[in-house]
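> Going down the list, the sequences are from chains Z, G and U. Position one of the first sequence corresponds to residue 1 (this note's numbering), numbered consecutively onward. Position one of the second sequence corresponds to residue 1 (this note's numbering), numbered consecutively onward. Position one of the third sequence corresponds to residue 1 (this note's numbering), numbered consecutively onward.
Don't take every hint at face value.
Since the list can't tell identical chains apart, any single copy or any two copies may satisfy a pair.
[As the list claims (entries may be wrong)] Below, simulated SDA-like cross-link-like pairs (lysine to any residue); rule was C-alpha separation at most 25 Å, straight line:
#1 K62 x I105
#2 K60 x P89
#3 K60 x A5
#4 K62 x I4
No lab work stands behind these hints: they were computed from the structure.
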Amino acid sequence: MPDIARYEQEGGILSNVVASGNIVITAGAVGDDLSLDVKGQTRETLAYVDKMLALAGTDKSKILFVTIWLPDIRMRDTMNEVWLEWVDPANLPARACVEARLANIDYKVEMQIIAAR
Amino acid sequence: MPDIARYEQEGGILSNVVASGNIVITAGAVGDDLSLDVKGQTRETLAYVDKMLALAGTDKSKILFVTIWLPDIRMRDTMNEVWLEWVDPANLPARACVEARLANIDYKVEMQIIAAR
Amino acid sequence: MPDIARYEQEGGILSNVVASGNIVITAGAVGDDLSLDVKGQTRETLAYVDKMLALAGTDKSKILFVTIWLPDIRMRDTMNEVWLEWVDPANLPARACVEARLANIDYKVEMQIIAAR
Chain Z
1 MPDIARYEQE GGILSNVVAS GNIVITAGAV GDDLSLDVKG QTRETLAYVD KMLALAGTDK
61 SKILFVTIWL PDIRMRDTMN EVWLEWVDPA NLPARACVEA RLANIDYKVE MQIIAAR
Chain G
1 MPDIARYEQE GGILSNVVAS GNIVITAGAV GDDLSLDVKG QTRETLAYVD KMLALAGTDK
61 SKILFVTIWL PDIRMRDTMN EVWLEWVDPA NLPARACVEA RLANIDYKVE MQIIAAR
Chain U
1 MPDIARYEQE GGILSNVVAS GNIVITAGAV GDDLSLDVKG QTRETLAYVD KMLALAGTDK
61 SKILFVTIWL PDIRMRDTMN EVWLEWVDPA NLPARACVEA RLANIDYKVE MQIIAAR
């Protein structure tokens, strides 16, 4: 069994990022400022993803897969504008984007990452 | 290619848990007694998760990630009460919890696990 | 860090399949002909999954996990009829199937795969 590293165990509920062997998995990530629109929240979410990946010793160039949940799937193109500014064009992850109501009614996007390291 | 072990291949549709190398993945797990409320179904679901992980030679201390689907996201805090009684506080997994309608209208929670072994 | 291979990087947004070490992950896969019903779109989606797995040097006998999203969960039994014609009965993957609105209102099914190779 490979060692498991757990980062930011918060509130006794979950770890924000977990690594085992070559695999890094984040919790569902959201933005901080819930007054922001989809673009603003996507920027904050992706900045937070960068931070989580760094904690586990990896970065966005090594992402394998991203699940994206939007409470309103019609916001996908808007979210994608920020995604395209952020994603490493030489190392595009696989991705799935579906609609789902989220834990807080003010969350406009949630993302979850599987990366290599 | 690592060996792949498949447990509880049921109804010719799916295996309830699959292991490959150091990685164990369960199918979406639900409770048995669909007359139970969210708390009761969460308890049954987590007991079933324990059983599936044991079949594949691992346990809840080695969970990396849990996807939780609730047909009513407002039940998240209620589900979390049972989660907190169950989860290993020294080994918290990453987690995402979103709303989704489930295969049976009486399912009040469904969980899916990625673990190390 | 294992090498990461990325296939079909499309539109600068995502790769359709990514492999790292022994793990292969596809993007959310859908059918081409959106005029088809659930069965027809499921057939096209699974044919596309076969193609993506082949690109990454694996096949359906080595699938570990499939996430299935249906915009109408009542279509699960109908989707399963095509699934049963396709899936390798000796190597059943773990699976979760939930309802979610998808990126295009005409998508009747979306599937995402984690496989070994």
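> For each hint, tell me whether it holds in the structure or not.
Status of the hints after comparison with the structure:
With identical chains, the CA atoms of K62 and I105 are never at most 25 Å apart, being 31 Å at best within one copy and 32 Å at best between copies. For the identical chains of this complex, K60 and P89 are intra-copy neighbours only, at 10 Å inside a copy versus 29 Å across copies, given an alpha-carbon limit of 25 Å. Within a single copy, K60 and A5 get their C-alpha atoms as close as 19 Å, and across copies as close as 15 Å, so both meet the 25 Å cut-off. Taking the closest pair of Cα atoms, K62 and I4 come within 25 Å of each other both inside a single copy (19 Å) and across two copies (7 Å).
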